[in-house]
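Engineer: One line per chain: the protein sequences are V and B, in this order.
Here the first sequence is numbered in the working numbering, starting from 1 and rising by one per residue.
Here the second sequence is numbered in the working numbering, starting from 1001 and rising by one per residue.
Honestly, the hints are just simulated from the structure, not real lab data.
Note that the structure is predicted; figures quoted are calculated from it, not measured.
Since no wrong hints were added, every one of them can be taken at face value.
With beta-carbon atoms standing in for the labels, derived distance ranges: (1) 1168/B <-> 55/V: 19 to 29 Å; (2) 1114/B <-> 55/V: 12 to 22 Å; (3) 60/V <-> 1177/B: 19 to 29 Å; (4) 1146/B <-> 60/V: 29 to 39 Å; (5) 17/V <-> 1302/B: 47 to 57 Å; (6) 1267/B <-> 10/V: 22 to 32 Å.
Reference excerpt, derived from the structure (chain B facing chain V, CB under 8 Å, subset only): (7) 1053; (8) 1062; (9) 1222; (10) 1229; (11) 1253; (12) 1258; (13) 1350; (14) 1368.
In this text, a Cβ means the ideal position worked out from N, Cα and C, and glycines have one as well.
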Amino acid sequence: MFWTAVYIVVLAAFTGYVVISRVPVILHTPLMSGSNFIHGIVLIGAMVALGLATTTAEQIIGFIAVILGAANVTGGYVITERILQMFDPGKKRPGKED
Amino acid sequence: MVDLSFLIDPVYIATIIIFIVGLQRMSHPLTARSGIIWAGAAMLIATLVTFLTPDLTNFALIAIAIVIGGGLGYIAAKRVAMTDMPQMVAIYNGMGGGAAAGIAAVHLLGTTTTVTSSLAVIGGLIGAVSFSGSMIAFLKLQGWMRPRPITFPAQQVINMAVLILAVISGVLVLLQPSWIPISYTALLSLFFLLSLGFGVLMTLPIGGADMPVVISMFNAFTGLAVGLDGFSFATPNYAMVVAGIIVGAAGTLLTIMMARAMNRSITNILFGAFGATEETGTEIHGSMKPVDADDVAIMLAYANQAIIVPGYGMAVAQAQQKVKELADLLESKNIPVKFAIHPVAGRMPGHMNVLLAEAGISYDQLFDRDEINPEFPDTDVVLVIGANDVVNPAAHRQGSPLYGMPILDVEKAKNVIVLKRGQGKGFAGIENDLFYRDNTRMLYGDAKETIGTVVQALKKL
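Full structure from sequences and hints, please.
Structural biologist: Okay, structure coming up:
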C-alpha cells in the first residue's frame, strides 16, 4: 500500500513537470488558471466527505467544503475559458497573417 | 437501485487522462482553448459519477452546496472585468485550499489515528495556509488592503514560531496524548487556527508586485493538499491524488519560471519584504516635465518608429482599444509600431498579451524584452502606458531594491512619453527616476482619454 502510493505520487509529479516545461511566457497565466481549475477535483472529495458525514459538525464542515470546492470548479473554469478565448485561432485579425 | 459504483474508477481514470491532455493542450497557444473545454467536460462527468459512491448519504445537502458554490463561482467569474483576473485566480485557488482543509477536518473529526490521518494533518495544514494566504493576496490585489508589504519587528521569528506551533499541534492531534488539558475538538480547532494564521502572516510582508508568483505558489500548495487529502479516505481517492500532485508539481515549476522571469529567487520574494524599505543615499535630479497631447501627436507623426510599453495602468484604464486605434493610425501613416512586453508587466505574466489580444492587436507586433531592448536607442518615440517598475532604471543601480531585475531599457530611446494618472509610485513603491530624465515627458490623465486626444490630434495633422 505504502509503495503503491509512492509510485503514484512520483509518476504524477513527473507528469506535471513534463506537461508544464517549455511553456511560452504568454501562457503562464492561462496555465496557472487552468491548473487552478484542475485542483477543483477537490470537489469530489468534499462530496464524499459530506456524503459519509455522520455528526452535525462533520456535516457543517463538509457542506462548506463542497461549496468552496464547487466555486473553485466553476470559477476556475470560467476564468480560464475567458482568458483562453483571446487565444482562439479562429479569431484572425484583419490584414495580418498569423 | 442498481449498483453502478463499478463505473467510478474507470471514469476517474478517464478524467485524469483528459486532465493531462487538457493541460498539455493548454501549453500551446493554438490548442489552448480546447484544453480547458476537455478538462471541464471531464470534471463534470467525474462530479456526476461521484454520486454513485457506495453508502453515500446527505444527497440533498451535497446538491444544495454544489448549486450555491458553483452558482456563486460562475456568476462572479462571468461578471468580473478582465483586469481583475489575477485576484479571481487567487480567490478560487483559496477556496480549493479551504475545501481541502475542510476534507481534512472532517476526516480528523471522524476517525482515530492511522497513517492516513497524518496525511490528513499535512493536507489540512497546507490547505489552510493556501486558503488564508490566497485571501490576503486577493485583498491586496483588489485594493481592499494596502498592497505594500506589511512588516513588523521580529516578523520572521514570529512567523516561524506560529508555523512550529501549528506543526506541534498537528502532531498532538495525531498522538492525542492523555496529558493534554484541552479536548480533542479544541486541539483540532487550535491546529487549524494556527495554520490559517500562518497563511496570513506569511503573505503580509509580500508586496503587490510579487503577488503573481505567490498566487502560483499557493496554487501548487492547494494541489499538494488535494493530493494528500486523496489518501485520507477509507478507499483512497486516486483521482484527487493524481490530479492534485500533478498541479502541485506543475504549479511549483510554474512558480520557479515566474520568479526567474523577474530575476528573483523564491526565498527573496517570500522573505525579502520587497519594496518595504526606501533605498537611501540616492538623489533624483531634475523634475517631471509635463507635455500635452498635441505635442505627443506631432512627435509621433514624425517618428521613425514608435514602441509602446503597456503596463497595469493600461489595464486599469481599459485603454487597450484606444491603443489599438492609435497603432492602426500610425501604421496607416507608415510609422512602424511595436509593442514591448515585459514578462511581468501588469499583475500576471502574460497579462498584457491577453489584453492586447483582446483588443485585436496581432501577435507579430508584440516583442519580448530581449528582442526589443536593442531597438530602443534607435527609436524616436517610446510611449509608456501605465507601466512603471518594469521600466525603472533603478534596476541597473546596485543597492536599489529593484537591482538585478531585467527591465525594458526605454531610457535609451530618443524621446520617452510616460502616460500616467498622477505622480504616484509604482506597485513596488519605488521612485522611478526615468520620469525625471531629460528625454522624458509626462502626459498626465486617464490613459484611455489621453490616448483618445492624441488620436484626434494625429488625425488633424
